[in-house]
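First residue of the sequence shown: 1, per UniProt numbering; consecutive thereafter.
One thing to keep in mind: the hints can contain errors.
[Unchecked claim] Computed beta-carbon distance windows for the label pairs:
#1 Ser238 / Glu151: 51 to 61 Å
#2 Gly129 / Gly80: 49 to 59 Å
#3 Thr48 / Pro107: 22 to 32 Å
#4 Glu101 / Arg202: 22 to 32 Å
#5 Gly168 / Asp215: 18 to 28 Å
#6 Gly235 / His75: 26 to 36 Å
Everything labelled a hint here was simulated from the structure, so no lab data went into it. Quick reminder that beta carbons are idealized off the backbone N, C-alpha and C, glycines included.
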Amino acid sequence: MTTTGTESGRLRLGTRGSRLALTQSGQVAEALMAAGGGSGVLDIDLVTVRTDGDGDRTPLRQLGGVGVFAARLRHALLDGEVDLVVHSFKDLPTQPVEGLEVICVPPREDPRDALCARDGLTLAALPEGARVGTGSPRRAAQLLAARPDLEVVDLRGNVPTRLARVRGLEVVGVGTDEPVTPSRADAAGDLDAVVLALSGLRRLGLEHCASEVLDLETMLPAPAQGALAVEARAGEDSAELARAVAALDDEPTRLAVTAERALMARLSAGCAAPVGAWARLRGGSREPWGEHAEHGTGGSMGPAGTRASAAMTPPRPGPGREPGRRGRAVQRPRAARRGCSCCGRWSPRSMVARRSAAS
Numbered sequence: 001m002t003t004t005g006t007e008s009g010r011l012r013l014g015t016r017g018s019r020l021a022l023t024q025s026g027q028v029a030e031a032l033m034a035a036g037g038g039s040g041v042l043d044i045d046l047v048t049v050r051t052d053g054d055g056d057r058t059p060l061r062q063l064g065g066v067g068v069f070a071a072r073l074r075h076a077l078l079d080g081e082v083d084l085v086v087h088s089f090k091d092l093p094t095q096p097v098e099g100l101e102v103i104c105v106p107p108r109e110d111p112r113d114a115l116c117a118r119d120g121l122t123l124a125a126l127p128e129g130a131r132v133g134t135g136s137p138r139r140a141a142q143l144l145a146a147r148p149d150l151e152v153v154d155l156r157g158n159v160p161t162r163l164a165r166v167r168g169l170e171v172v173g174v175g176t177d178e179p180v181t182p183s184r185a186d187a188a189g190d191l192d193a194v195v196l197a198l199s200g201l202r203r204l205g206l207e208h209c210a211s212e213v214l215d216l217e218t219m220l221p222a223p224a225q226g227a228l229a230v231e232a233r234a235g236e237d238s239a240e241l242a243r244a245v246a247a248l249d250d251e252p253t254r255l256a257v258t259a260e261r262a263l264m265a266r267l268s269a270g271c272a273a274p275v276g277a278w279a280r281l282r283g284g285s286r287e288p289w290g291e292h293a294e295h296g297t298g299g300s301m302g303p304a305g306t307r308a309s310a311a312m313t314p315p316r317p318g319p320g321r322e323p324g325r326r327g328r329a330v331q332r333p334r335a336a337r338r339g340c341s342c343c344g345r346w347s348p349r350s351m352v353a354r355r356s357a358a359s
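Generate coordinates for the entire structure from the input sequences, incorporating the hints supplied.
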């Protein structure tokens, strides 16, 4: 058995080296230490692990998308280089890895996407032909569904680098020590807007850069967006870590993201696929962004924003109501099962599959 850090009094928490990843991992480490009884009872050190997706400006869809950021962290965990890793849950493949388990899902941040545009413009107010950057096929499809006249530009890089591509937000990236290797086509201020996860902006203290928070009908988030996952080797929890995990793990978040990821697994989609999903518990929401949305939604989008499909079986009483089953209950239309994306014109209202994560 690999020796865990707790046997020497400290745990090694693996993280990617980006500013956002380090911030997220640092927040999780502090929360776990506090929940475990404070410093001296459970101590955690951050260990930076460079992943294959870091520093590579190849579009995610060409890299394959599935686990491009998670694979190296998982190897480090299995090889005993670290004892825990923190993932952005949306980047974690749905296929489990033998010997590893997600031991903690902290409370979820707002899962919605945000438009960061020049001059504080909203999506509706962007001029015809405006250049909007995103590296996500899901976001690109929904942008074009809402505004077919936009020019969607592929975008890679850390959050400050992406923001610096927007005219008027060039100075946001100043002061970061993250390595950036832009392509020759990249230039500060060459875009009218970018679309980023609101959760990442908030964790970095950059929420003020958002000119509009996109509602769920306009921009369905990626499955598990806004959530974090703490992964460890199976069966190696110390008593201190187990106590901390129990205090930090958020059941409503775990149930919701389990349902969303089950939908993604049913569609055999990777983290870069044009698939969106959002779920919450029936009977109310603690989150202000969810107070007017009564059910979960899910769907897949075509690359040009013109096609989508989503359908779910109706609720069934009795046993078998766990969120994973609900997500797997998605049935693809016949055309989709044949491998054809032409399942009808995309419309946020017509494609919505309404289901709750649990009742």
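So, going through the hints one by one against the coordinates:
1. Ser238 / Glu151: 51 to 61 Å: holds (53 Å)
2. Gly129 / Gly80: 49 to 59 Å: holds (53 Å)
3. Thr48 / Pro107: 22 to 32 Å: Hint holds: Cβ distance 25 Å, inside 22 to 32 Å.
4. Glu101 / Arg202: 22 to 32 Å: holds (28 Å)
5. Gly168 / Asp215: 18 to 28 Å: holds (24 Å)
6. Gly235 / His75: 26 to 36 Å: violated (19 Å)
Hint 6 from the earlier list is the only one contradicted by this structure; the remaining hints agree with it.
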